[in-house]
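Generate coordinates for the entire structure from the input sequences, incorporating the hints supplied.
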Amino acid sequence: DVKVTQSSRYLVKRTGEKVFLECVQDMDHENMFWYRQDPGLGLRLIYFSYDVKMKEKGDIPEGYSVSREKKERFSLILESASTNQTSMYLCASSFLGREQFFGPGTRLTVL
Amino acid sequence: GESVGLHLPTLSVQEGDNSIINCAYSNSASDYFIWYKQESGKGPQFIIDIRSNMDKRQGQRVTVLLNKTVKHLSLQIAATQPGDSAVYFCAERGSGGYQKVTFGTGTKLQVIP
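So the protein sequences, as listed, match chains A and B. FYI, in this note's numbering the residues of the first sequence are 1 to 111. FYI, in this note's numbering the residues of the second sequence are 1 to 113.
No lab work stands behind these hints, which were simulated from the structure alone. The beta carbon of each residue, even a glycine, is placed where N, CA and C say it ideally should be. Accuracy of the hints is not assured; some may be wrong.
As the list claims (entries may be wrong) - The calculated label-pair distances, taken between Cβ atoms and stated as ranges, are:
(1) A:Arg14 x B:Ala78: 43 to 53 Å
(2) A:Pro61 x B:Ser26: 14 to 24 Å
(3) B:Gln81 x A:Thr83: 38 to 48 Å
(4) B:Ile20 x A:Arg14: 45 to 55 Å
(5) B:Leu11 x A:Pro104: 19 to 29 Å
Right, dumping it as structure tokens:
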């Protein structure tokens, strides 16, 4: 089975802190994604990567950056966390545009 | 998570009945469609997919129907069980290039025992 793991299930940070969310997949997938999920808004794509060291902006990249130094790992960085970044963050991976496999999510609260 | 189901259309179904969840998609050029299930506190889970050159695809207790004329997708769940209670999302993938996936906002399925 494909496994996508995220470093934390719950995270509480303060405004202005730098936040790292880590995601690891074990199926050698080329594509990896970061989404945020908010009530009434569904899944919104923040960034994606289709290869090591490659990244593309999604629909809502402002306030975020990403890093993909190894194929299995895709990190989401909040340079200076703000309260409007309180959300559920979901990482996913896929093979060549096929179905995406999601991690369990990280519920981030920014105080 | 637990708040995913807020503000969503809800379908209530008696245990044992069949469920039909509908989805309208927007891009006539989309060539691949996916249904996901998201249980409370978990990430979305792949259920079934269908390519645009097909009208119907069946899995175990689930069937996906695709009507490209009216850009409509449906998920049918046979003999609905309490474990089917979740939020269901459809997703469409555009053709060409990176093939971005767009997710619907979801439908909450409540199974009444």
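For each hint, the structure was consulted:
1. A:Arg14 x B:Ala78: 43 to 53 Å: holds (49 Å)
2. A:Pro61 x B:Ser26: 14 to 24 Å: At roughly 22 Å between Cβ atoms, serine 26 of chain B and proline 61 of chain A fall inside 14 to 24 Å, so the hint holds.
3. B:Gln81 x A:Thr83: 38 to 48 Å: holds (40 Å)
4. B:Ile20 x A:Arg14: 45 to 55 Å: holds (46 Å)
5. B:Leu11 x A:Pro104: 19 to 29 Å: holds (25 Å)
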